[in-house]
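Visitor: Sequence:
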Amino acid sequence: MRFLADAMLGKLAEWLRILGYDTLAAEDLSIMDDDYLLDIAEDEGRVLLTKDVELYERAKKEGIEAVLVEGNDVEHQLAFLVKNGYIELREVPSLERCPKCNGPLKKVSKEEVKGLVPMGVYMSHDEFWVCTNCGQIYWKGSHWKRMKEFVERVKGLVEDKSRA
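All residue numbers for the sequence shown refer to my numbering, where the first residue is 13 and numbers rise by one.
These are computed hints drawn from the structure, not numbers from a lab.
Note that the structure is predicted; figures quoted are calculated from it, not measured.
Hints may contain errors.
Said to hold, decoys possible - Derived DSS-like pairs: lysine-lysine, alpha-carbon spacing no greater than 27 Å straight-line:
| hint | residue 1 | residue 2 |
| --- | --- | --- |
| 1 | K112 | K23 |
| 2 | K112 | K167 |
| 3 | K167 | K157 |
| 4 | K95 | K126 |
| 5 | K73 | K112 |
| 6 | K23 | K126 |
| 7 | K118 | K160 |
Whole structure, please, built from the sequences with the hints as guidance.
Guide: Structure representation (structure tokens):
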């Protein structure tokens, strides 16, 4: 499933990418008006994610698949998407999509990142990935553990019907 997140859901878009879902964010696009978002969703077969009731209703009237996302923080928004069958909580990070730009990630050799990452990172890590679109470099640093803990909290919300 491919998504397009409106301007209110930029953080959700980033987390969907971390989970491996092809997700455009309105902030990635140069024009962010509703007509343009609806055109992109329709042309690319993307599910529009929004918190805007009017935009949601308009999308539905035009036959565009849309989800009116519930939740005021990204944990609850992800739990909502899981509970309603739009996504599954995958291994994090998925190493498929760049959280910054949605580009595909590619595993690269340690030598390829020499001089491009801090020396301490270079010396203490052996696996690296680079975004083929924006060039961002990723490795399994301390943020890896925090992402896994975040997803565990989302799983807790999914399992506890009263909290999401």
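Visitor: Of the hints given before, which are not true for this structure?
Guide: Structure breaks hints 4, 5 and 6.
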